[in-house]
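Those protein sequences? They're chains A and B, same order as listed. Going from the first sequence to the working numbering is simple: count from 1 and add 421. Mapping of the second sequence onto the working numbering: position 315 corresponds to residue 308, and the numbering continues sequentially without gaps.
By construction, these hints were calculated from the structure, which means they are not laboratory data. These figures come from a predicted structure and were not determined experimentally. There may be inaccurate statements among the hints.
[What the hints assert, rightly or not] In silico EDC-like pairs for lysine to aspartate or glutamate, Cα to Cα no more than 16 angstroms straight-line:
1) B:Lys177 with A:Asp467
2) B:Lys395 with B:Glu385
3) A:Lys431 with A:Asp463
4) B:Lys143 with A:Glu464
[Claimed, not checked] A few chain A residues that don't get close to chain B, going by computed Cβ distances all over 12 angstroms:
5) Lys424
6) Phe461
7) Ile536
Yeah, the Cβ is synthetic: ideal placement off N, Cα and C, and Gly gets one too.
Now for the letters of each chain:
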Amino acid sequence: MKKILVDYTKCTGCRQCETACSAAHYEGETNPQKSRIRIFLDEAHDTFHPVISGPFTNAECTSKNVVNIGGTEYDECTVCRASCPGRPWFWEPETNIALKCDFCGDPPDPQCVAICAHGALQLIDDLGLGRARSQAKKKTAG
Amino acid sequence: MNSWPGKLLRVDLTKGTWAVEDIDPELARAYIGGRGLGTKILCDEIDPQVDPLSPENKLIFMTGPLTGTGAPASARYMVITKSPLTGAIASSNSGGYFPAELRYAGFNAIIFEGKSKEPVSLYIKNGEVELRPTKHLWGKTTHETEDIIKGEIEDPWEAQETRIACIGPAGEKLGRIACIINDKHRAAGRSGVGAVMGSKKLKAVVVRGTQGIQAADFDLFKKSVRSAMQKLGSGPVTSEGLPAYGTAILVNIINECGILPTNNFQQGMFDRAGKISGESIAENILTRNKGCFACSIACARMTTIEDEKYKGHGEGPEYETVELMGADCGIDDLAPITKANYLCNEYGMDTISAACTVATAMELYEKGYIPADDAGMDLSFGNGEALVKLIEQMGVRKGLGKVAADGAYVLADTYGHPELFMGVKKQEIPAYDPRGVQGMGLTYATSNRGACHVRGYTIANEVLGVHEKLDPLITEGKAATVKVFQDLTALVDSSGLCLFVTLTPGFGFGDMQAMLKGATGFTYTVQEVTEASERIWNLERIFNLKAGFTKADDTLPKRLLEEPLPEGGPKGQVCRLDEMLPEYYELRGWDAEGVPTKEKLDKLGLS
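Taking the hints into account, I'd like the entire structure generated from these sequences.
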């Protein structure tokens, strides 16, 4: 199993992942609104948050928490991956179908990871979160 | 779905009406898009003699075939109009997210005509157009304008995805160095395009779209984009220098070459350059690197100033800004420089022209040409407080800013010393002293929009050695270098890419041809796009000739032609423009007066 590890501290907000994702899934159509990855700007903190669409949910969740990342607090919606009815950003414009990341390529070679020039996105083996992090660290160090 | 050439939106501000038109594919093919196609439309539709601030002038927003496609650095659009600063053609380029969103909203270009009675803003959402009265935004800074507009959008997601280009108070008050700001920090900066927007009472353009852009030949497009990205990812400037320190990495490099304009171009070295360098920015005020749309370089710097007196947060300073507000004003403190940069963005003023205007004011003041009463402050070189104060006054046209808001030429001329204006065709010279880098002298003198570094950035070869290393002090062969850089730039500016792609070794007309062919489906050859780039340059030249410019305007300030640099590597040098200009005209296929020959025009299809 592969996973995409997101390191938001490296994201520069260029949104090239959005263009690569949509072009790869729609035969050359560049359209961020059809991308399965979107970048959120936190203007107050100058941070960019890549969010990859995850599992479909039938309903919007009812217990939104505040998430603390690196000492900064975020609305949970900003970092949640779910494609839920409360989140229009992963809904295909013409059809309103919820889009979901499919780890494109065989073997997996997600186009967003391939195009990211700053290492904000990395394809890693899914070994459980803790081990995945240390593996990524090793990779960066090496 | 939007493909190229697609649709343009024509807005008549006098009547408050608009129409959607198809862009002529033949014109699009011949003039590429962006700067080229915008210039063609302007030349066809206005009299070059028109008063730039009258309703007869038109303001054109033009994207290129690669804008928003995901090609490397495909973030750019062009604003084309007749400049109120120079009286020549104006084409100002900007990146960020706005240009791509304009295409997703369904239009590749907008032409603004006439003049509204009341302040209005144009709203576009997926092809739906609305011209709204926005009196409540008039008088607001660019940041306030963006915050208010986004605050009026109910859905927070829609608000984030809505992109805005607007003017600040400087543009409203018709300051001839006013710019158009998009995404809060990116500027279509030069030649006073913001004043033209202000003269039309157009405050903001608000776009949002979910329509995609279709590549005509996706396989070719993908292949050519990958190849260009690989080059970008391996070039030392685009993969190391710019990402690490932003454009301000140049401060130390240019200072070492002895061509760092200091105290209004009186010297070419600044002993405290290290304090205003990219390295110093990274160490002291940087909060984040930022990229424009689809750009791997991410040269933009988000910064914060903690110093209570200059407290602020925003983007910049970039090289030209930090150099001209710094060394050229004799200032070595990043806090007031950065604050002045933020203020320029908020008021909507070009930082290059604004900084040069302050430097000119300082020299006029030190030489006693501006009376103390008029100055109202100590305008000595090195005074950071004065820099911030004068920029504030220029933004709202108060105090000395009443005159200075119109740029350095008007200021120097008003106080009787136009020779202290460091510019060409009334536009201020950017941050490279051409006495120690001869090709840049020719670039400045012949640039169609007045002094400009991004119309033929020969620094790439004369200093950085990107494609080949040239001796900056010789004039031999520079005419040819300048011509190639000017032409390639015209092509890149027309495509929708950022000029920084050309700072990549081996990047050239071939890469552009492949990406353009893939995106548009036009069967472009390398020869065809090269010829198109020349056609664009010549058309701009023809516009200027019709507007009244002559060979006499292809020159530099007396200081740079006659007063030798006092120190550093190029000590004793002046810019030997006369050794390059005749050769340049000849290479261009122009006569001795700088007028394109009939033969040349025939060849380019311009006769």
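Would the pair Lys395 of chain B and Glu385 of chain B pass a check requiring their Cα atoms to be no farther apart than 16 angstroms? At roughly 11 angstroms apart (the allowed maximum being 16 angstroms), Glu385 of chain B and Lys395 of chain B satisfy the hint.
Measure nothing beyond the straight line between the CA atoms of Lys177 of chain B and Asp467 of chain A; if it is 16 angstroms or shorter, mark the hint as holding. holds (13 angstroms)
Check on Phe461 of chain A being off the interface with chain B, judged by Cβ distance over 12 angstroms: violated (7 angstroms)
For a C-alpha distance cap of 16 angstroms, please report whether Lys431 of chain A and Asp463 of chain A respect it. holds (14 angstroms)
For Lys424 of chain A, which was marked as not at the interface, is the minimum beta-carbon distance to chain B over 12 angstroms? holds (23 angstroms)
Is it the case that Ile536 of chain A keeps its Cβ farther than 12 angstroms from each residue Cβ in chain B? Ile536 of chain A is in fact no farther than 12 angstroms from some Cβ atom of chain B, at 8 angstroms.
Take the C-alpha atoms of Lys143 of chain B and Glu464 of chain A, compute the straight-line distance between them, and say whether it is at most 16 angstroms. Distance ~13 angstroms between Lys143 of chain B and Glu464 of chain A Cα, so the pair holds.
In the structure shown, a violation is registered for the earlier hints numbered 6, 7, in ascending order.
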